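First to last, the sequence lines map onto chains A and B.
Note that the working numbering has the first sequence beginning at 9, numbered continuously upward.
Note that the working numbering has the second sequence beginning at 9, numbered continuously upward.
Be a bit skeptical, because a hint or two may be false.
Put simply, identical chains are the same to the list, so a pair is met inside one copy or across any two.
No more than 30 Å apart at the CA atoms, straight line, and that leaves these computed lysine-lysine pairs for DSS-like [what the hints assert, rightly or not]:
#1 K61 / K112
#2 K83 / K111
#3 K111 / K61
#4 K114 / K137
#5 K61 / K114
#6 K137 / K111
#7 K112 / K137
Since the hints were made in silico from the structure, they are not lab data.
These numbers were taken from a predicted model, which means no experiment stands behind them.
Protein chains: 2
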Amino acid sequence: MHIYRFLLLNLILMMTTLISSGQAHAQQPAPYYRIAEIVVDSTQLTAYNAALKEQMNTAIRLEPGVLAYTALADKSNPAHITIFETYASIAAYQAHIQTAHFKKYKAAVEGMVQSLTLRDMNAIGIVSK
Amino acid sequence: MHIYRFLLLNLILMMTTLISSGQAHAQQPAPYYRIAEIVVDSTQLTAYNAALKEQMNTAIRLEPGVLAYTALADKSNPAHITIFETYASIAAYQAHIQTAHFKKYKAAVEGMVQSLTLRDMNAIGIVSK
Numbered sequence: 009m010h011i012y013r014f015l016l017l018n019l020i021l022m023m024t025t026l027i028s029s030g031q032a033h034a035q036q037p038a039p040y041y042r043i044a045e046i047v048v049d050s051t052q053l054t055a056y057n058a059a060l061k062e063q064m065n066t067a068i069r070l071e072p073g074v075l076a077y078t079a080l081a082d083k084s085n086p087a088h089i090t091i092f093e094t095y096a097s098i099a100a101y102q103a104h105i106q107t108a109h110f111k112k113y114k115a116a117v118e119g120m121v122q123s124l125t126l127r128d129m130n131a132i133g134i135v136s137k
Numbered sequence: 009m010h011i012y013r014f015l016l017l018n019l020i021l022m023m024t025t026l027i028s029s030g031q032a033h034a035q036q037p038a039p040y041y042r043i044a045e046i047v048v049d050s051t052q053l054t055a056y057n058a059a060l061k062e063q064m065n066t067a068i069r070l071e072p073g074v075l076a077y078t079a080l081a082d083k084s085n086p087a088h089i090t091i092f093e094t095y096a097s098i099a100a101y102q103a104h105i106q107t108a109h110f111k112k113y114k115a116a117v118e119g120m121v122q123s124l125t126l127r128d129m130n131a132i133g134i135v136s137k
């Protein structure tokens, strides 16, 4: 009878609306922030910095989940390097370390890195012009 | 005589060109990068973070020479805070520490900060999406 068809159509419409609005409001995963502190053999600094920049430029170009890298060296000791890393999510970071360009970087700098400290971070605030 | 007027006009033209091209090519001072590492009294962390964010938001809004702040806390120890600071130049930083909003922040957090380490940095590379 018409009433059943009407109710069925309404039910389908309701469920479609619920499903699509659920997808539209699906939460973006929070960005994943990290700081890497690296001490490099000072006699290999030029090669290290070149390998680092190649990795950074390739990753930012090829991987949607790699959002930013800021690599800095202490003015008083250029072998002390601090890298601020921003990924779209922890999953994006995990995908990143499987890439060919990251593995190439790790292999290239293996004999150059004297120490590496990785710190997972929460953002207090990020502002820029 | 005409020749002297001609030579004088040429001289003026040459000097004007030299001066204006010198100004056009005047070097932008390099950005000044710093990392501040702060240990905060963990019982005052909420107040500290609020004061920090207020300073950051005010500085980025009011000071042309303040280019960016990224303030992060260690996930494993939120009282350990790392701030990556970018100023247009060392002069811009020196102007910044004379501002009312910076002095207000310093006075507010004086009893909260247990240690402060400031590191002047050189940029190896900065990339972002």
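Hints and how they fare:
no., hint, verdict
1, K61 / K112, "within (12 Å within a copy, 39 Å between copies)"
2, K83 / K111, "both (29 Å within a copy, 26 Å between copies)"
3, K111 / K61, "within (14 Å within a copy, 38 Å between copies)"
4, K114 / K137, "between (34 Å within a copy, 23 Å between copies)"
5, K61 / K114, "within (13 Å within a copy, 36 Å between copies)"
6, K137 / K111, "between (34 Å within a copy, 22 Å between copies)"
7, K112 / K137, "between (34 Å within a copy, 22 Å between copies)"
Hint compliance for this structure: no hint is broken.
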